[in-house]
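Chains A and B, in that order, are what the protein sequence lines are.
Yeah, the first sequence ends on 196 if you go by numbering that gives the first Met the number 0, and it's all consecutive.
Yeah, the second sequence ends on 196 if you go by numbering that gives the first Met the number 0, and it's all consecutive.
A few of these clues could be false.
According to the in silico footprint, chain B covers these stretches of chain A (three or more CB under 8 angstroms from chain B) [to be verified]:
#	stretch
1	26 to 33
2	45 to 53
3	78 to 88
4	123 to 133
5	147 to 154
Derived CB-CB ranges, DEER-like [as the list claims (entries may be wrong)]:
#	chain 1	residue 1	chain 2	residue 2	range
6	B	Ala3	A	Leu164	38 to 46 angstroms
7	A	Leu164	B	Thr175	51 to 59 angstroms
8	B	Glu149	A	Thr175	30 to 38 angstroms
These are calculated hints, taken from the structure and not from any lab test.
Note that the Cβ used here is the ideal one computed from N, Cα and C, for glycine as well.
Number of protein chains: 2
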Amino acid sequence: MENARLAQQIRFIVEVDRLKDVFRQTFVIGSRRRENDAEHSWHLCLMVLVLAEHANTPDVDALRVLKMLLIHDIVEIDAGDTFAYDTARMADQHEREALAADRLFGLLPADQTAEFRALWDEFEARSTPEAKFAAAMDRFQPMLLNCLTEGAAWRIHGVTRDRVLARNAHIVDGATEVWTYAARMIEQAVAAGHLAK
Amino acid sequence: MENARLAQQIRFIVEVDRLKDVFRQTFVIGSRRRENDAEHSWHLCLMVLVLAEHANTPDVDALRVLKMLLIHDIVEIDAGDTFAYDTARMADQHEREALAADRLFGLLPADQTAEFRALWDEFEARSTPEAKFAAAMDRFQPMLLNCLTEGAAWRIHGVTRDRVLARNAHIVDGATEVWTYAARMIEQAVAAGHLAK
Chain A
0 MENARLAQQI RFIVEVDRLK DVFRQTFVIG SRRRENDAEH SWHLCLMVLV LAEHANTPDV
60 DALRVLKMLL IHDIVEIDAG DTFAYDTARM ADQHEREALA ADRLFGLLPA DQTAEFRALW
120 DEFEARSTPE AKFAAAMDRF QPMLLNCLTE GAAWRIHGVT RDRVLARNAH IVDGATEVWT
180 YAARMIEQAV AAGHLAK
Chain B
0 MENARLAQQI RFIVEVDRLK DVFRQTFVIG SRRRENDAEH SWHLCLMVLV LAEHANTPDV
60 DALRVLKMLL IHDIVEIDAG DTFAYDTARM ADQHEREALA ADRLFGLLPA DQTAEFRALW
120 DEFEARSTPE AKFAAAMDRF QPMLLNCLTE GAAWRIHGVT RDRVLARNAH IVDGATEVWT
180 YAARMIEQAV AAGHLAK
C-alpha cells in the first residue's frame with residue numbers, strides 16, 4: 000500500500016527540481032556561466048554555517064535561517080528571477096511571488112504548506128533576527144560573486160556604486176561586520192574600474 | 000582595520016564556489032543537463048525539511064543533518080565526482096577525498112576546520128542516526144532523478160537492477176518508508192524499460 004503523504008511530498012521534491020533551471024544575473028567565479036537559484040541557495044546556506052558567529056543577534060537560530068534560505072527562491076520557479084536592480088520588474092515582484100508561493104507550497108500536505116509559507120513570509124518581512132541575517136547573506140553573496148568576476152553583472156546592466164550601496168545597505172541590519180567588509184569590497188571594485196561611480 | 004578571521008572565512012566561501020563546476024552523472028529533470036554538486040546539495044537539504052518525519056529516529060537532529068549535507072561533497076572540488084557504480088575509481092575514493100578534506104576544510108580558522116572535518120567524518124562513517132538519514136537522502140535523490148529522466152544515467156553506464164538495489168539498500172537504515180517507496184520506483188523503472196534487469 001502506498002504512503003499517500005510521502006508520495007505527495009515526493010511530488011513537491013520533483014517539482015522544485017526546476018529551481019536548477021532558473022538562472023540569475025550573477026556569474027559563477029570559475030566557469031563564468033550564470034548561476035542558478037538552486038546552487039545560489041546552497042551557497043547561502045554554507046555561508047550561514049561559516050558566518051553565523053557574525054550575526055548581530057548572537058543566539059540566532061541557525062536552523063530557522065537555513066530553512067528560510069533553502070526555500071526563499073522556490074517562488075522563482077513560477078515568478079522568474081527579478082534582477083536586484085530592475086526597478087520596473089520589482090514593482091509587482093511581491094505579488095507575482097506570492098501567487099507562486101500559493102501554488103508551489105500548496106503542493107505539500109497542509110501542515111507543511113503552512114510551515115513553508117510562514118518561513119517565506121518571515122524571510123520577506125525581514126523583521127526577525129533570523130530573517131535579517133538570512134537577508135544579509137542573500138545580499139552579500141551576489142556582491143561577492145560580482146566582485147570576484149570583475150563586476151561582470153554590474154557592467155552588463157550599467158549598475159553604479161550608489162545603487163549597489165543603497166540596495167545592499169540592509170546587510171548592516173543582519174551582520175554589521177559583514178557589511179563593513181562588503182562596503183570595503185565595493186570601494187575596491189570602484190577603484191579597480193569594475194563598478195561605475 | 001580588517002577582521003582577519005572574517006577575511007579567512009570569506010576566502011573559504013569563495014573557494015567552495017567551485018563546487019558549482021563539479022558535474023555529476025545524474026541529469027536535471029527539466030533541461031536534461033548534468034547536475035552539479037552544489038545544486039544536488041541544495042536538493043538534499045530541501046528533502047530533509049520535507050522528509051525528516053520519515054527518519055527512522057524520530058528526534059533526528061535536523062540541523063546536524065543539514066550541516067553534513069551542505070558540506071558532504073565539498074571534497075569533490077579536489078577529488079572529483081566518483082560515479083556510484085564506478086567500482087574502479089571507488090577503490091581509492093575515500094583516500095582521495097580525505098586529502099581534499101585536509102586542504103579545503105583547512106582553509107577555515109582552526110576551530111571550524113575541526114568542526115567541518117568532524118561533520119564530514121560522521122557523514123562518511125554512517126553510524127549516527129543523523130548520518131544514516133543524511134546518507135539515505137544522498138542515495139534517494141539521484142535515484143529519483145534517474146527515474147524521472149527515463150533512467151538516463153543508468154542506461155549510459157549500463158547499470159542493472161541488481162546493482163541499483165545493492166548500492167541503495169542502505170536507505171533502509173535511515174528511512175525505512177523512503178526505501179519502500181524507492182524499491183517500488185526501481186521495479187517500475189525495470190517494467191518501463193528504463194533500467195536493465
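Whether chain B covers the stretch 78 to 88 of chain A (at least 3 residues having a Cβ closer than 8 angstroms to its Cβ atoms)
violated (count 0)
Check the following: the C-beta atoms of Glu149(B) and Thr175(A) are separated by a distance inside 30 to 38 angstroms.
violated (51 angstroms)
Claimed coverage, the stretch 45 to 53 of chain A by chain B - three or more beta carbons nearer than 8 angstroms
holds (count 6)
Coverage assertion for the stretch 147 to 154 of chain A with respect to chain B, Cβ distance below 8 angstroms, three residues required
Result for this restraint: violated, n = 1.
Taking 51 to 59 angstroms as the stated bounds, is the beta-carbon spacing between Leu164(A) and Thr175(B) within them?
Cβ of Leu164(A) to Cβ of Thr175(B): about 53 angstroms, so the range 51 to 59 angstroms holds.
8 angstroms C-beta criterion, at least three residues: is the stretch 123 to 133 of chain A covered by chain B:
Violated, because only 0 residues of the stretch 123 to 133 of chain A bring their Cβ atoms closer than 8 angstroms to Cβ atoms of chain B.
Cβ separation of Ala3(B) and Leu164(A), checked against the hinted range 38 to 46 angstroms:
Given a distance of about 25 angstroms, which is not inside 38 to 46 angstroms, the answer is violated.
Do three or more residues from the stretch 26 to 33 of chain A put their C-beta atoms closer than 8 angstroms to C-beta atoms of chain B?
holds (count 4)
When each numbered hint is compared with the structure, violations occur for hints 3, 4, 5, 6, 8.
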